[in-house]
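A.B. asks: Bring the two chains, given one by one in their own frames, into a single complex with the hints.
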Amino acid sequence: MDNVVQLIQENEARLNVTYGGQNGDLPDAVSIETTDGDIKTMATEAVAGGGIPGIPTDARADFGDFVVERYPPTEDRTHHLIQLRPKTEFGG
Amino acid sequence: MSKIVTVVGVGALGSHFVQFLRSEDVAINVIDFDRVEQKNVQSQFHGKPNVGKLKVDSLKQSMQFLYGVRIKTVSNKLVGDNVDVLLQGDLIVDCLDNGASRKLVQDHVRAKGIPCLHGALAGDGSFGRVIWDESFVIDYESGPGAATCENGEFLPFIALTSAYLGIATQIFLAQGKKSSYSISPGGVIRI
Chain A
799 MDNVVQLIQE NEARLNVTYG GQNGDLPDAV SIETTDGDIK TMATEAVAGG
849 GIPGIPTDAR ADFGDFVVER YPPTEDRTHH LIQLRPKTEF GG
Chain B
48 MSKIVTVVGV GALGSHFVQF LRSEDVAINV IDFDRVEQKN VQSQFHGKPN
98 VGKLKVDSLK QSMQFLYGVR IKTVSNKLVG DNVDVLLQGD LIVDCLDNGA
148 SRKLVQDHVR AKGIPCLHGA LAGDGSFGRV IWDESFVIDY ESGPGAATCE
198 NGEFLPFIAL TSAYLGIATQ IFLAQGKKSS YSISPGGVIR I
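In the order they appear, the protein sequences are chains A and B. Quick note: to get the numbering used here, add 798 to the position in the first sequence (first position is 1). Quick note: to get the numbering used here, add 47 to the position in the second sequence (first position is 1).
So that you can see chain B by itself, here it is in the shape it has in the complex (with noise of 0.2 Å):
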């Protein structure tokens, strides 16, 4: 029976790491509130049409259309009440853009012992961490108007740190080794 990968956060880092998941023999569940923007179409995996529609059906339209993939979609906001609920599966990947929600899911995983692989950049596009949450630290939000690393011209290095998120998730089902990783453009470390 395939195992299931359930990712929060559907924007920059996680629409573009579902789609390495389509190599994958797993079932996927993905997890947003959010609605794609104009300004995502630059960063993330969502295509113009889609500007209006939920992350969630978006990027499920896009894996059906595009690989044949069937995903299944929750467009609930994580909360308290819900995360229950929503946080099961084999592999929790958490690519969300907020530290109160990264907040839920860490203890959530804590909790119930499910493994859990955190996404997570600089909003300046300097910096990605791929890091099993074992050892990951939340940085909270600095404060209203802070950089969000979603203008297009981070888009290689928003794709490269989802590619590792898709090796450490790739390594974990196939070995069950848990690998993390600091990402700059200057180079990848092995944490």
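So here's chain A without its partners, still in its complex pose (with noise of 0.2 Å):
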């Protein structure tokens, strides 16, 4: 885990994903400043080519309605994080 994280430069960030109920993140780290477009567009290829650990190969991935967000480092977690979800409307 540490070797993971010191290959993340400090303007780069790990990108996290989550799709059909499994979460795996990118093997390489993404450009702080990569837009949402790209995201998804870097991720609905990573899981059509199998690309994603965790995540079952999926050729019609589709990650449009999905939400992109980003959380700056923290005290535990020493590099950047841009998280690839699904939305969460309920809660009840």
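Just so you know, the hints here were simulated from the structure itself, not pulled from any lab data. One or more of the hints may lead you astray.
Stretch-level coverage of chain A by chain B, calculated; a stretch enters the list once three of its residues show a Cβ under 8 Å from a Cβ in chain B [unchecked claim]:
1. 819-828
2. 833-846
3. 872-885
All C-beta atoms, glycine included, are put in the ideal place defined by N, C-alpha and C.
C.D. replies: Listed below in structure tokens is the structure:
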């Protein structure tokens, strides 16, 4: 885990994707300036190609209605985190 | 003196979450205007005998009967005119099911500086968020007919997300530290 964190530069982020109830990180860090649209494109291509460990390959993956969230580093997490996740409209 | 935890919305997430407060030294307030429906029995901590009752009364009865824990209840709908009166306490936990009400909560806690923890679920049971207000982005409803995560098949995931609400609350009450989580059936990550 520490080795992974050390590979992420100050202007980069770990991209975490949740899709189909599974969760995984893109193997490579992404620039923190990557647009939301490009994040979705990268994730679509990665899932279609089986490129995200933990997420089954799906050539029809669609992230159009997903949300991109960006979290700056914290005391516990020394790198930026970008999360691509389903909408959470429910709570009740 | 015990801290006051106010839970807004005691449906899927909120009803299960309140159970986890029974071992905390807190006074519990719950707010919800809705009544228990038959379909809720599959996914919420409301039993068949309480169908038709107010959810807050159902929960009050269950907490008293099962655990000997008394809770304070409010059955008003949260609106702009009553938010100042109803949303008080040392910690607000938002388990609401619509963006407009969440916005009322968010505006209030930010104006008053009250710590607030939000719980939210994807309608297809694939993802949950337990996020402190500082980082919480409201997801507004897509429109009528959107999935609601109320089917009984999602019960274990609803309970899991509720448990993380409990864990985040426990850590906050004990240490003052705000821990947020993203939860999916495939795993949990700290935000």
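A.B. asks: When I compare C-beta atoms, does the region 833-846 of chain A have three or more residues closer than 8 Å to chain B?
C.D. replies: Violated: only 0 residues of the region 833-846 of chain A have a Cβ under 8 Å from chain B.
A.B. asks: Are there three or more residues in the region 819-828 of chain A whose C-beta lies within less than 8 Å of some C-beta in chain B?
C.D. replies: holds (count 4)
A.B. asks: Given as covered by chain B, does the region 872-885 of chain A meet the bar of three residues or more with CB within less than 8 Å?
C.D. replies: holds (count 7)
Hint compliance for this structure: hint 2 alone is broken.
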